[in-house]
Structures are given as C-alpha cells and as structure tokens.
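Visitor: Start from the sequences and build out the full structure, keeping to the hints where you can.
Residue numbers (our numbering), protein chains in the order written: chain A, 1 to 285; chain B, 1001 to 1495; chain C, 2001 to 2319; chain D, 3001 to 3520.
Calculated directly from the structure, the hints in this document are not laboratory data.
A quick note: this is a predicted structure, and the numbers were derived from the prediction, not measured.
Treat the hints with care, since some could be wrong.
Claimed, not checked - Once the Cα atoms are required to be at most 30 Å apart in a straight line, the calculated DSSO-like pairs of lysine-lysine come out as:
1. K1168/B - K2170/C
2. K1491/B - K1134/B
3. K1491/B - K2170/C
4. K1272/B - K1246/B
5. K3375/D - K175/A
6. K1122/B - K1414/B
7. K3148/D - K192/A
8. K3375/D - K192/A
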Amino acid sequence: MTAVLEDPVEPVEVAVPARPRVFARGKGLIGLVLVGVVVLAGLVGPLLVPWDPYAQLPDANLLGPSGAHLLGTDDLNRDVLARLLAGIRVDLLISFTAVPVGALIGCAVGALATVNNVLDVAVQRLFDVLLAFPQLILAIGLAAVIGPGTSSVMVVVVFIEIPVFGRLLRAAVLKVREAQYVTAAEVVGARKAHVLRTHVLPNSLEPVLVQLALSMSVAVFIEGAMSVLGIGVSPPEPSLGAVLKTALGYLDLNPLFAAGPLVVTAVLVLGFQLIAQAANAARGA
Amino acid sequence: AVDAQTAPAGASAAPKSGGVAELGVNLDLVPANLFTNSNVSITTVVGLVYDSLVRYDRQKLEAKPRLATAWEQADGGSTLNITLRKGVKFHSGREFTSADVKFSLTSYADPKWNGQLAGTAKTITAIETPAPDKVVLKLAHPVSNLLDLLDTVPIIDSETAAEIGTGKKFVGTGAFKFDSWRPNTDLTFSRNDDYWGGKPYLDGVHVRVIPDAQSLAAAVKSGQVQLARGVGYRDAEAAEAAGGLKAIPLEGAELQAYVGINVSAPGLDDPKVRHAIAYALDKERIVKEVYRGKGYPVSLPWPRTSPAYDQELDNRFRRDVAKAKSLLAEHGAALPEVPLAYPGTDGVQANIAQIVQNNLAEVGIAVKLEPVDSTQFIKQLIGAQFPGLWVTNHSWAQFTPSTLTVSAYPFNAKRNSSHFSSPAYTAAADNAWKLPDATGAAATAAYKELSNQLLDGTFLAEIGVVFEQVVVRDGLQGVDWTRRRELDLSKAFLA
Amino acid sequence: MTRYLLRRAPSALIVLWLASVLIFLVIRAIPGDAAAVLAGADAPPEVVAAIRHDLGLDLPVVSQYLHWLGGLFTGDLGRSYLIGGDIADLVGAGLGNTLTLTLAALVIAVLVALLLGPLWAATRNRWVDRALTAFHTAAVALPTFVTGVVLIIVCGVWFRVLPTGGVPPKGMFDRLDITAQYLVLPAVCLALPVAGVLTGFLAETLRAELRQDYITTVTAAGVRRREVVVRHALRGALPVVVTTLGLQTGSLLGGAVLVESIFSWPGLGLLVEQGITRRDYPVVQVLLILSVAVFVLVQLLTDVVHAYLDPRVRLGGKA
Amino acid sequence: MSTTERNPVLAVRGLEVSFGPAPAVRGVDFSIAPGEILALVGESGSGKSVTARAVLGLLPATAAVRGSAKLKDRELVGAGEEELREVRGRGIAMVFQEPATALNPVHTIGWQLSAVLRAHRKATRAEARAEAVRLLELVGLPAASVVKYPHQLSGGQKQRVVIALALANEPSLIIADEPTTALDVTVQAEILALLRDLRDRLGTAILLITHNMGVVADLADRVAVMRRGELVEQAEVGDLFARPSHTYTRELLAAVPRLGHRDPASYSAESTTDALRLAEIVVRFKDFTAVDHVGLRIGHGEVLGLVGESGSGKSTIGRVAAGLLRPASGTVSVFGGDPVAARRDLGFVFQDAGGSLNPRMTVADCVGEPLRVHKVARGEEYRRRVAELLDAVKLPASYARRRPRELSGGQRQRVGIARALALGPRLVIADEPTSALDVSVQAAVLDLVTGLQRDLGFACLFISHDLAVVDSVAHRVVVLWQGKVVEEGAHHEVLRAPREEYTRRLVSSVPDLDRAFARV
Ligand SMILES: Nc1ncnc2c1ncn2[C@@H]1O[C@H](COP(=O)(O)OP(=O)(O)OP(=O)(O)O)[C@@H](O)[C@H]1O
Ligand SMILES: Nc1ncnc2c1ncn2[C@@H]1O[C@H](COP(=O)(O)OP(=O)(O)OP(=O)(O)O)[C@@H](O)[C@H]1O
Ligand SMILES: [Mg+2]
Ligand SMILES: [Mg+2]
Ligand code: NI
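Guide: The structure is reproduced here in structure tokens:
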C-alpha cells in the first residue's frame, strides 16, 4: 500500500469558526455598542449636564421637560436627567461588582464540590435551597436583616447569583470531565490538579461567560424592584430604580420621567442579551 | 354630620336611603392593635362600629353628648358624675348599661391594651355604677384632660371583648354592624337599624384593602370606591383636578410632622444647636411641596384651634439661615455627621428627610440619612434608640394640651425618645395636666409656660400641622369624622 | 414513575429541612421585633417584655424551632401575631388567590410563548423578526411594577374597561366572566416577563432543533414548513421548555409580591411582604417554607413531565 | 449509457454551488436513468453532499446555486419553495448517513411514517397507519415496529426506517448519502442488499453517495468520481475498477485496504515476558456484562488486532488495558505490573482524534503534554522534542501553533499519534485510529503507524472493526463477539480462513473488492 498523501495538503473539512470576527461583527457588536453607550453615558454624562444630581433647586418642583431641564425636575426639585445619568453609575457599579463576585463565589463552590461526592450532594442541596426562595422574597428578607441601601442590593444580587453560577459551572465541569481529552490527560499519568487546571476549568468557563452577561441585566432589575419596595439604594443617592420609582408616582403629570430609566434599562437588557446570544453563537450552540 | 357646622362642604343634595358605600384603605387591620394604633383601617372600624361617651366638636375643644347625655364635675374636679343615654343597644341586641362603661374604661387602663391615654385612665381610682344609666368616676387628682379619655375610649361589649384581638368579632353600639374581615382583602359592615342616632341611610359599608397608594388613587378615580383613605398628597391633588371627587383634609384631627432630636447625642446636647436646626428647616417648602399645601408650618405642636395656640410663640422659629449659622458659630466646635432615621417605606417621610438633609447642609450640618423599616423605627422610637435625628408624625396636640405632654411618647416629660428632661418642663407639664378645667385663664397661663419650655428645650423641632385627607367621590355625601380620625358614616348617603 | 418519585423524595426532604433551618435562623436575625410593633408607639418597655413573653419570643431559639417544626408536622401552623387569626386560615385564603393568579399568568405566558416562539424561530421575514425581537426585549426589560402601573392607568382609569384591582366581590367561582375581568390585568402583568423569557427560550431551542438531522429528513420528504416546525420540531423542544418553565415559577412567585400589591390581590406575596415588615415570624416562616415546598414540588413535577415528554427517558433508554 | 442520455430521471448540467466566495461545487454534469444506481465517490469534502442537497434545494440560505438540475422536465434549481416541496419525497427522496439522528426521537416510527405519507396525499389516520405497516414490511421490519420509538431500534433497523421514509411516496429517485457509513459491516451488507432488492422490485433509480469503494463495487451500475468540487471521471463500475483513467481515481483505488493482500507476517517472541497480559477479564455496567472472561496477551514488539462488531467490547478492553477502567474481576498486567504504574511506557491513540485534543491548547502543547506531566524535558530540549514528534508524524512545524479545530481529521489523528509516542512508549493502544477518516487519509495514517511500529518496535493493541485494515497491520488477530473471544490466531489464518461461524459471517460481509477489480 502506498501513502497517497505524502505531504500534508490543505486541510479538508476544516471548520474554523472565526470567533472573534463573528462575535464582533453581528449581534455581539450591536450588544457591545448598546452597553458601551450606557456605560459612556454613566461615565461622562454627568459632566455634560450642568445640574448637580443632589441639588434641590428652588422653585423647580415637578417641572416638565424644558430647555433647562431636558427631562424635567422631580418631586424634590432635582434635575431628572442629572439623576438618571448619575443613577446609571450606581447600577453599573452593582452590576459589575456584585455579579462577578456572586459568579466567583458560585463558581468556586460549584467547582470545588465536584471533587468529592458527599460535598457535591451537600452543595447541590444548598444551591437548591437558595434557588427555591423567589428572588424578591429573598431580597425583602435580606434587606430586613442588613438594612436597606446599596450594599444590601449588592448582597442580594450576590446571593441570587451564587446558586445560578454554582450550578452552571458544576454541570459544565461534570460534562467536560467526560470529554476524551480529559481521559487523554489521565492516560499519560497527569495528576488531578493538573487535569482540573489545564483541561477541565478552561473548557467549562464558556457558559459562565454567557450567563455573566445575562446576570448583569438581572442585577439592574433587582435594584429597580428593591427601590420600588423601598429597600433599595438609599436616598438621596440616585439609581435607575430610584428615579423610576419617583417617576411612577407622577406618570399622569409627566410620562417622560419614566422614559429615561426605562430606555436605559431596555438598552442595557437588550445589549447584554445580544452579547450573550453572540457569545452563545460563537460557542457554536 | 352631628351638626351642620362640621359637615364637609359640598353636602348639598337631599339625603336618601340605600346603597352600600365602597371604601378603600391602604393599610389592613391589625386587630391586636385596635386601641393603640390609629391607622386608616382601624380608625375606620372604630368609627363605624363603636361609640364613645362624648365627642369633641371639631372646631372648639368642646365635648358633645354621645352615649353620655350629661356629665358634671364634683369635689373640685376629683369626681365626675355621668348620665348615660337610655335605650341604646349593642349590635348583639343587649342593652347598654353603666357596667359596660366600667368594663370599657377598665379594659382601656389595662396595660395589655396599652391605650395611649392609659396615664389619664390610671388616675381613675374607682368607677361606681349606682344605676344602669349612672356612672361615677373617682379621680386621684383633678385632670384637665378627662374628657379626652371619654372621647377616646370606645365602648365595647364585655361579652365579645376577647374576640377583638382575633378580628372575628367587633361588637359596639355604633351606626354599623361588623360582619366580616378577610385579611388583606376587605371588611364588610351592615346598617344598625337600632342606632340611637337614627337609622343610617347607607345599607352597609364595604371597605377594601388596596395596599398600593397609586392603585388606591386609581380605584377612587375610576369610581370603584367612593372614598379612599391613604391616597398620597400629590395623587389626591391630581385626582381632585380631574374632577368628580374631592380631597377633604380631616380638620380637627390634625397631625404634626416633626424632626426629633436625641439631646444626648454629641453636639445635639447644646440647645443652641437644636435651635439652629429649628431655624434651618424650610417648613414652608415641606408643607407646600410634600403635603401639597394641606397644612401649615408651626414652631409648636399646637394647631390653630388649640387653646394653647399662641401666634407669637408659634412664629418663633421661622426659616433663618443666617441665624442658624450664627447659633452654630456660638456653639463653636464642629458638629460630627448626624444620622437621621426615617421609615424607609414611607415616601412622605423619605422626602421630608431629604429636604431636612438639604436644609441642614445649607447651614453647615452634615446629615447622613438612615432609612429603617417601619418596625424597627417604632422599636427605636419606643426604646429611645435613635442615635441622632429622626423624622415622623405625632398627634394628640389636637386634644387638651396636657394630653400631649403626659401621653404622647415623644413629649412625655418623664421619659421620651429624645432623652430630654428638665425640672422646669416636668413641672410645667404636670401643672397643665392637674388643672380641673382645660380652658380658662389659669389654663392659658399654664399652656404658655409649657410652650416656652418646649421652645427653649427644642428636643423636637416641629415642621408643621398637617392633615390626613380622605378622597371622596361626589356621589358619597355626609361623611364625617372625629378628632381621632375615626370615620363617621351614620349620616352619609349615596346621592 | 412512583419509583422515580420515591428516589427523588429524600433529596427533596433534605432541601425542605435545610430551608426550614435557614428560614428560622434568618428570620430571627432580622432586627426589630413583633412585640414592639404589637405594643404600639407609646408602649413602655415592661409592656413590650410582657408581650414578648406571651408570644414565646423569650424562649431559647432551639426550643422555638422544635416547637415550630412539631407544629408543621401536626398541621398546627400557629397563630399570626399581627395580621391576626390562624395562619392556616390566612395561608389558605391567600394560597387560593395566589394559585389562581400564578396559574392564569402561567397559562398566558405559555400560550404567548407557544404562539410567538415557533413564529420567531421559523420566520424568514425580517420585519416579523424585528417585531418579535422588540416584543422580547420589552417583555423582558419592562419591570412588572411599571407595566402594572401603566395597565391600571390605561385600562382602569382612562378607558375604565377593567377594574383597577381587587378580587371578584363574590369569590373566584361565582361568575367566571367577572373573575376573568379582575384577573386579566394582574395576570398579564405577571405573565409578561415570563412570556418574554419563555418565548426567547423556545425560539432558541426550536432553532437548535431545526438544525437537527431529523428535520432535514422530514423536509426532504416534502413535509410543509409550518408542519415541520409545529408538529415535528416543537415536540422535541418541549421538554427543555418545561424545565425552564419550572425554574420560572420562582420568578412568578417573586413577581407576585409586587403584582399583588399593585393590584390589591390578597395573596401570599402580599402576606409575605407584610409578614416581614411587621416581623410576624410565624406567618413568614410558614410562607417561606411553603414557597420552598412549591418550588421543590414544581421541580419534581417538571422532571416528571420532562420524562413523560421524552420517550427515551420514559421508556428507560438513556436520556 | 445511451438510455441514460435519452430519458434520464435526473439530469444535472453545469451545477455550481458556492458558499460566499468559496466554490464548493464547480460545474458538475451527470444524469441517472430509471432503475439505475449511480455511485458518487470521492474524498471527504469533495462536494458530494452539497451536490445532492443542491438538487433538492436543501442547502442553507448562504449557498448560491447556479446551473441546472432537471427531474424529468421539471427544473429544480431556482424553483420555489412549494414547487420543491412537491418534488421532495415524491419525485426525489433522500436517505441520510446517520440513522441515529435522522429520526425524531420523540415520535413513534408509525407517527413519522404517517406524517411523511400525509405530506403528499390525503389519507386518514388509519389508512396512513396501514400504509406505514406495509412500508415497514417492505424494508423487512416487523409490523409491530410502528409503535416503537427510534431509541428502541438498532442502528440497522433505524436505517431501514429511514429508507422506508424515503420510499413512502414512491419516488422515482432515491438519493442515499452515505447510507451505511455508520453501520457495522454485517448490517451494512443487509442494507445494501435491501437497496438492490428495492431497485429490482420497484425500479427506483438510486444516487448513492459514498467514499467506500467496497460498497460501490457491490451495488453500483455506474460511478462518478468527485474531487475538489469537480467530477473527474465517470464510468461503468467494471470499467472504472479495471481501467481507471484519472490519476486521482487510481490513487483512490490504490488506497483502499483489501483483505488478503499482505504477505503473512509472523511474530517471533524475543523474550518470555509479555507487554500486555489480560486474564479472565470481566467488566460489567450495571447488570450488563460488556466483557466476559476475556484473556489475551501481546508480546514485545507484537501488533495484536482486536476486531468485532460495534458494541462487542473492543474499546472497553482497551480502557482496561490502559488502566482507565477497573475490571470486575480478572488480572491486567502491563510489563508485568499495574497498568497505572506503567503509564510512562504506554501510549494511547483515541478513536475520536478531535475529541481527545483539548480545543484550547495548541498542537504543540497537546503533543508536549506528556513531557510536561512527567517533567521529562523543558526549555530548548522540550521544544526540540516536540518538533521531532511533529516531524515524525509528518506535520509541518508551521502547524505547531494551530488549534485542533484548525486541522483536518487526518492531521488531528497524527497529533494524537505524536502525543502517544511522546514518551517513547513500549506499548501503544490504538482504538480505531482510522475509523473517522476517508480512505486516502486512512491509508496515510496506517502507513505512518506501521512505519513507526517497525522503526520503534513497540507492542501494539490495534482495535478496529475494519477487517481489511487489521489484516494489513496486525501480526495476530483476536475476534470478539458480545464480550467473548470467539477466535484467535495469526492474521492471515483468522481473516482468510476463519474457523468459527461468526468470524466467517464477519468476513463474508466485507464487500468483495477483488471481484470488482477482476470484473471487466
Ligand atoms: N453550509 C456550508 N457552509 C459553508 N461551507 C460548506 C457548507 N456545507 C458544505 N460546505 C463546504 O463544501 C465543501 C463540500 O462539502 P460536502 O459536504 O459536499 O462534502 P462531502 O463530499 O459530502 O464530504 P464527506 O464525505 O465528508 O461527507 C466542503 O469544503 C465544505 O466545507
Ligand atoms: N460507561 C458505560 N456504561 C454503560 N455501558 C457501557 C459503557 N461503556 C460501554 N458500555 C457498553 O458496553 C458494550 C461494549 O462497549 P464498547 O465501547 O467496548 O464497544 P466497542 O466494541 O468498542 O464498539 P464500537 O465499535 O461501537 O466502538 C456496549 O454495549 C456499550 O453499550
Ligand atoms: Mg457528505
Ligand atoms: Mg469502540
Ligand atoms: Ni451508454
């Protein structure tokens, strides 16, 4: 028998998903742009608005939109646009710190638990318990324990995200552990720690990244709902939820009050979803 | 309305019988608190079901007969002889007698019920019932606010009193019989045909619990309820503008918005600083923007109808930033950041807190807002645990002035939330209380002294006298209320 | 199936037990106490202490826990301190209302998802796709408390076609048309986010399903596109959707807290919020353990339905 | 050929398909006469499937199709969706490669047959059901199969169902895209017989897509050879095997492994110890016995072929030998010790090369992992060793930085082999190292393995279900059936003159290429 292919010719059936390009071009790019716009608004927006979000302006009670106050003023005579822009910062702070922290704790616990069967069962039951509390009820309960405020919103978000990420990573690890390349590493005599570090974890993290994007928008929701319940970010600090809560009381007077936070939330949610979808697609799901 | 004078404006149509009035309230009943709490649904139930012995007129502090037809002092104020109305029946059908008065007053003094006027009730050393329609009260010493007690204590049926706490039965002699309570849902009442004051026009009353204030406003705007209690001030204003209904301030049943001050907190122990705080408050703005003008700014707790009201004294703390700053300068040392507690879920208080923070910042006092949930707020109020300032409402100043200083917890001369005590204030409070009569020259002098003490001490800075308001559709007329905000629908009708 | 349930039972019980401990401890960690609320604003500390004693709040925590647990097993849920009455009665009344509301919301969400999901997955029309993307974003991004307020203003105040809130005066089952009127706004409000999530999820799963080989098989056999999507692909997507639906019950129960308050719907969500703010421990404890139980039950149920929908599991092949 | 030209069922002219700028099919012409079986062969990725799908309009929207494909008089390229639907199933039906995924797992066989039947004609449920039973009987399945779900059928049975689906609307042409690749040789033989029988009885034309020359020899009337999107040769099957005119065709035919073409290779034991010795091995999964008292031994430098149909326990034995699986009973010894302890001297080549490489690691990292794990070499020395290994499997150094998914299947397999050789093993376990590859690549990989084995002299457990492949590499062969050893001996004896009934059946199922080559 003669070898037909002496030299490696152009690879046949090569399916190279050009991930970064696909991601950055389609939905992912739009998503990044949407989130980027909001982040930018939060970062530089307050510099462009002449009003201090905390300043209670004399004789400016519940003014409608005008040239001076593009979105009007609220019940405490503060410029709504200034508060909206400053509020974005607070929400982004919550999203970008609490969610990763929750994710980190969840992932650490979820991954560690897979090492030992008894531990695994215990951790899984614990996650079940945490998941079993409806999010808002958990929020009300925790806020009652630690008192309302930004930090309590963060704690609530962390608690909500822990089981979500814990379960996700655990499932991914269990699946990856069955992969042939893990067996391949075992068969050359690699240690457990080596296998976990170089093979299992890096390949389990992708669903986590997708979930991270989705959870970012969940955090914005939780903040809003907690503000409406009066247990969110404490006044006078502005947040999307706080601005929305005020706006809801004056919808009949000026529907535009509510438009600001709603548009921002929608843009954020859409942006994060698109990113998650694109990440999903890039994964080949 | 008991008398035409106090009937709300607009009651013009001729009364006619029939129909069930639909009411909406934003808070549900807490049966165990029936005699201590004064939330909207409790005061609705008490007003519909129960009667008191006397009832104050809403303009002047003058008691009118209810279940008592006559009363007179003896022994220089240490004895009160009361004659009761005859032929009055409880909703259970049982005849009302002097024994029921004794039972009700005794129950009220029981610490378990923890009635607000327990201090006054405890001065009653003996209750004699010489005849079914006669009651004699023996007092340890004369008190100026005995009639407040008789206005406040609901006459309850001794046979069913045990079931009040469970919310299963409320039996009184009032215009409406209590039928049922479904927690978080509704309360139903039907007409008491045997009511001593005449058969009510309404067939019944249905009270719905609508916890969301905005939904409550929507319900009354859409006509689903004819009367709503607990609608926000701005919502009420907007609803009124839309037409078809009125927001009626409950005049005579005034509330006071105030900033409480813990005088043992660092910095706040100096009366100069407390005065500076009082000067710094923008009371006009709070009344105008938060209460939408439903009230007026004050420096003292007394409403304008109170015998203690003194315009000159009341004008003492008008907003004066310069004065506040100079007082602070006199104090010298820089103030640490002062915590300000408020009930976090109460939008009105949250707004007041933010305005106060802003006002104080202007004169150079840094304030840190601390929202606490309502339960914890009450606990801290009772336990005098507020670390610095707090904002909330108080009442009782609409009654005999001495009632405030002996009963209301923030003012109690012996022990109050502010940790304030001064022999002069204690003496002035005691002096005003132990008067046999609530009005007259002696009383006026005593009240003036009391007011001066309050202003000097300033352990709480009053913001304004404000009103609860009920939003009533034009179709429901003849709505009345007591000084304790109890709803009286005995003469109400659906036009 | 019974064997399957029996196998799952121990872990469900462990979850419930763990939850009961957690609930009990966390609630006691909440500052502020019921006695103070009960005593009222002007009560002297002695009175508060007396009330504490009456309520058994001065007993050691462990014996309070055991007492409560014992009560749960004997069906004695205890009495509410502050809301008043037997907890069993309170919860009974609220449970019916909440179940009605959440089931109605669930039905709406599922119907919307079943209608729009396949349409979205199968459409080749750009405008339909955009409209559905917009719907999905709006449904997911609009918080319940906003839709609730807007729905009330529009349908209850401006047009006055529907009641602004409350429950049917004569009970849920007196006249179904009236019940429907009261139910529609809160149910739609509660259903919307779930419908959005579910629609998106169904469409996503369907798209994956439509890439499967067996879809090519039937397409190549000349089966109509609509039929391919609805009769062939949808069935395969259902098991996954059922699982998602199960996980969404948590958000339905949580959403009920806001929706019930906005629409004055006297259910468990309202009760739990009230219970926590008033420190009515016994009520909160029972409600939380109930919600955990519901969640656990729903998970079991979705597993069973999943198994039923997937013949590979049902008939004992590999999953 | 003349009949074909005059009255073809399907006539394809100048068919071009491109995905974006890259053309996948560039101008293909062929036609099929009624009742004719045309085989379309060619290496992987040459455009066979794309051609077939283009005919039925089953390509994704990203594909641009030009040219013409006529079913009788009906033009299919550019036809509307509804028009194509009319044709699909009734004019042209399709049979796919993977019977496991070609059927809807959540519906019964009967339901799926009915659904397809009712796509083209009005029929009541009962009528459709009766027709479904008839179809199942036509493809040799019991009537009771209608109520079964796909997972309750074996692979061969599933493929019969897929064929029944294709037959449901009596098409004039069936396109069968690799209908037997996923099946065992024995099952493959049955399916091929069925297709031939159907053609004979119903007169249906068949376009058979495959890269298996044995299948072609067995079944086809005519052959069309594709390469890189072009049709390089078309001929009657006999002509093609006897006189291939195109070089590519010649290469293709030469690469096909054939039973009995290697000189008998014998192995003489140099030492008394064995590289691998299994004795009385039993492996159970729950209550299923996968390996039942199996014993085998491999001497130093010996290549042992392990054959048997799918599920017979071959991979399981491989895993036991590598110490990846503990047997329920029996002893395993590698170089006289525990297999886990001997891992430094052991190389394992996985069946699924793609799956056995970490998608995040570069080719160099994959190959070098054993060196790193055992800290054999580092720095410059490490890089040199990796480069040597890549060179040994004929992968250019420029590929070192690529990720596994940027390689072709054959290249991935080479990476797997390089990794297995990294530590200079004395025993290599190769589990179906070529089953995922097409003939030409397979030939290259086999060549590589035999060459390396000869040079390095390691012992090898060579697992495969392809008897011809085993015949061309092994010294000795062990035949496995349902977890038991049924026959064992030198490769030329067992595979050319089997003694056992089962082995005979296995050998006779292998398509006889020699006859095709002999046919003129
Ligand atoms: N959807 C697609 N998008 C882009 N390229 C494709 C697509 N489908 C197939 N191709 C490309 O078209 C070429 C021909 O593919 P095709 O599937 O026809 O090969 P084949 O001859 O059937 O190979 P095999 O024997 O592996 O099945 C390949 O290079 C492949 O990468
Ligand atoms: N982890 C497992 N759990 C349960 N059953 C298993 C497991 N691994 C293998 N089996 C079963 O054991 C039997 C032998 O499997 P094995 O993989 O050894 O077969 P094989 O001969 O390699 O087949 P193939 O040619 O398809 O690779 C099969 O019936 C398989 O279903
Ligand atoms: Mg192909
Ligand atoms: Mg195998
Ligand atoms: Ni010819």
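Visitor: A separate judgement is required for each hint: does it hold in the structure or not?
Guide: Hint by hint, here is what the structure shows:
Of the pairs offered as hints, the one joining K1168/B and K2170/C holds, with about 20 Å between alpha carbons and a cut-off of 30 Å not exceeded. Using a Cα cut-off of 30 Å, the hinted pair K1491/B and K1134/B holds, with the two alpha carbons roughly 28 Å apart. A C-alpha spacing of about 27 Å is found between K1491/B and K2170/C, which places the hinted pair at or below 30 Å, so the restraint holds. Annotation: proposed proximity of K1272/B to K1246/B is violated, straight-line Cα distance about 43 Å (limit 30 Å).
Among the hinted pairs, K3375/D with K175/A is consistent with the structure: their alpha-carbon atoms are about 29 Å apart, no more than 30 Å. This hinted pair checks out: K1122/B and K1414/B have alpha carbons roughly 16 Å apart, not beyond 30 Å. Only pairs whose Cα atoms come within 30 Å are accepted, and K3148/D paired with K192/A is rejected, the gap being roughly 43 Å. A threshold of 30 Å between alpha carbons decides the hint, and for K3375/D with K192/A the separation of about 16 Å falls inside it, so the pair holds.
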